[in-house]
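One letter stands for each residue in the lines below.
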Amino acid sequence: MTGWKTTRFTTTRRGFLAAGGAVGAAAMLPKWVGPAQAAERVLNLRLDADNAILDPGYMVGGSEIEAQKQCLPFLAQYVVEDGAVGWEPTYFVSKLEQRDPTHIDFELAEGLMWSGDFGPVLASDVKYSYERMKTTDWSGYFDAFERVDVTGERSGTIVLNKPFAPFIVITLCHGPGAVLSEKAMMAVGEKFTTEFPAICGPYVYEQIPGQRAVFTPNPDWTGPKPDFDRVNCNVITEMKGAELAFEAGELHCTEIGTDTLARYADEMPAGAKVTAAGELQYLWLGMNTQHPKLQNKLVRRAIQHAVDVEAINQGAYSGVVTRSYGNVCPGLIGQRTTTRYYTHDVAKARELLEESGVRGLELTLKVLNNQERMLGAQIIQANLAAIGITVKILPQDAGPFWEMGQESKGEQWKDLELFTMRFATTPDPYEAMQWFVSSQVGVWNWERWTDPEFDRLYEEGLGETDPAKRAEIYLRMQDIMEETGAYVWINHEPEVYVHADDVEISAAPSAELDYRRFRQL
Amino acid sequence: MLSYILKRLGLSLAVVVAVVLVLFSLLHLIPGDPATVALGPRATPEAVQRYAEKMHLDKPVVMQFLIYVKNAALGDLGVDVFSNRSVAQIAIDRMGFTVALVSVSLAWAVLLGVPLGCLAAVRPNSWIDRLAAVLSVGTIAIPSFVVSIWALLLFSLELRWLPAMGAGEPGDPLDQLHHLALPALAVGLGWVGYLARMVRASMLEVMGEPYIRAAHAFGLPPRRVVYGYALRVAILPTVTLIGMGFSGLLSGAVFAEIIFARPGIGKLIFDSVMNRNFPVVQGAVLLTTALYIVITLISDLVVAWLDPRVRETL
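Just so you know, the protein sequences line up as chains A and B, in that order. According to my numbering, the first sequence is numbered sequentially starting from 45. According to my numbering, the second sequence is numbered sequentially starting from 92.
You can trust all of the hints, since none of them are fake.
List time: in silico DSSO-like cross-link candidates among lysine-lysine, alpha-carbon distance up to 30 Å:
#1 B:LYS145 with A:LYS235
#2 A:LYS392 with A:LYS337
#3 A:LYS317 with A:LYS284
#4 B:LYS150 with A:LYS453
#5 B:LYS145 with A:LYS178
#6 A:LYS139 with A:LYS171
#7 A:LYS341 with A:LYS392
#8 A:LYS453 with B:LYS145
Covered by chain B, according to a simulated footprint, are these stretches of chain A (three or more residues, beta-carbon under 8 Å):
#9 178-186
#10 241-255
#11 269-280
#12 291-301
No wet-lab data here; the hints were simulated from the structure. The beta carbon of each residue, even a glycine, is placed where N, CA and C say it ideally should be.
Given only the sequences and the hints, what does the whole structure look like? Please build it.
Structure (structure tokens):
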């Protein structure tokens, strides 16, 4: 016999059930929030997907840009004044000035340091970052960019290869304008995915794949302290799920769809407020001017007059979108406030069709297969039926839809007749115009018209720095587009956020959030 | 037993090859150019070319298939075209969340469903039996996504007792359990009904057996007869059902994962389909298939281990 005692852990059925019940009950209890957590200001937001690539050269965009804005220096940031989109220098620069149409001088603020042992933020980092972008997936943002001349440790000049007025707004304020540490980039082989090689910003970034991205204070940051100590960006792919999470009090802010916006317009959740970030999207009904059925301009004009845009916006978009009068979006230079060549006038439409001599016209309308586009297409179908045009609606999946007007993808562009199309754009009118110049016929100009004046004005608009003159240029360009008869402008769908009314949000016109500019009211 | 296992593994291999073939054809059956479909309409030609090279789309289709099979056999399921992360790693990471959800769902369904079935069987045609029948059929009839939405609206939106989304704070098991409660309720509810019906039917059959009558005749306490003798035999078909249910729920939990924004293999597949991230779709489905096969095999082996009659037939 030894003196050993053994302890036996026995599990009776009752004990097991009791333990299971206790664990279940614990799971059902609302989570207790202790004083330490209560003291921490936490902002809970939504991420629509995991961030895949934070490298500005190879990112997907969207929330990846949001992460860059918290952890990397930018020279400029968006500002919206009286509904107009502009720019202002960031905290990271003491000077940012457009000296002439092709030179932008900058001076970095003093005391900016990269994390790790990568030293101060230098003008050579700006040079490295921007010159590198010319060979990346986002090189299109740097077409007008030539080089950066470093004039001092913290100062330099961005040199453009041609006058390009929107460079600061389009490129420097946006994700591609992020500055990277040259030394840190060299250390990681000049590419990275979900870990910044070095940061200089108010937050440190951490990603938990499939769950969330977390931003916590950067201990090395000497700049303005953001209002929130921690930002949790929870991965919620479905917008509806995020809306419910907001209503359940688990998010402080999330983007909402037009149907929810309409619901909130009737009854806003308690303690909530909506803020429109921007309306940088334009939806239109397009017509292939080279298709035999649509070559007669009178037919196209008849269609322009027949379509009831208000009915589409009310019926398919619950009346919460901004009616469109052109492809320049609200808040941008050159936005139109009325159409010039058509109004909704069924009698006039019938008269034009009669004048064209076309009888028994049957057309095909191709639309992207989603609820709003289908509803809109049905309204167009009814509108055109009223003037004697029979429309067959062909819903398309995204793959074939985006190829149907491209000559490089086959012969289907020859069959294209009517289509509804929505493009997103940047906060400058030039971007919306570039798809309709002569060289874009068969690429993105699926209406297939050309106009030498339009092409000339497009080039002039790029180089013109006087806002008033630019406005004239873009107004004229939209007149030219509309005069072709190939467009019925429908709407600008807003990017809208619902948020707690004690939080002031900061969203770019293209809808990316900038968490460090959020304010706790 | 060994020959049975080998035979089953051989059949499983054939299933895996068939699944790989279907998955592989997915990429080529979707209308439009795969690279453009995946990267979006305005992808640069350079990005499209890089994608094509990465996915071996520049090679003949047969060669693409062989490369995929070879890599898959070596555990290389490719890389996520957007993040460059290993698909195998992504899928394995997410599988843990789904296994946790399915385990908890089935656990509470067993804890409730099996006693409910027993109770109904020992008092056939009583009010308890009828009530159990109504509850069972009711829970089976309501789809899990309806339960999910209902539970979300009631417990999260109205009562605010339980969280509406996510998997909880990493490293905080209580918080994770807290986040698991609603999805597990939604996923497991239908199984309460299934198990109760299955156990009731099996129990009724077993309770009529001579050895049960003999046990009663020897004066053994009814509880011992029911739980010690009848249930031990009656539970065998339920074990098979649980094994199949566990496997089916690996992908069936997708609704709960989407509605409650929980990471998981089902949601990963759904999101990847929506983003046309084909390598991840292929890899995640393949992993789910492999796990399905393994779990079904284990459940068959457990039944064989529990029941000598089955063991003898192997």
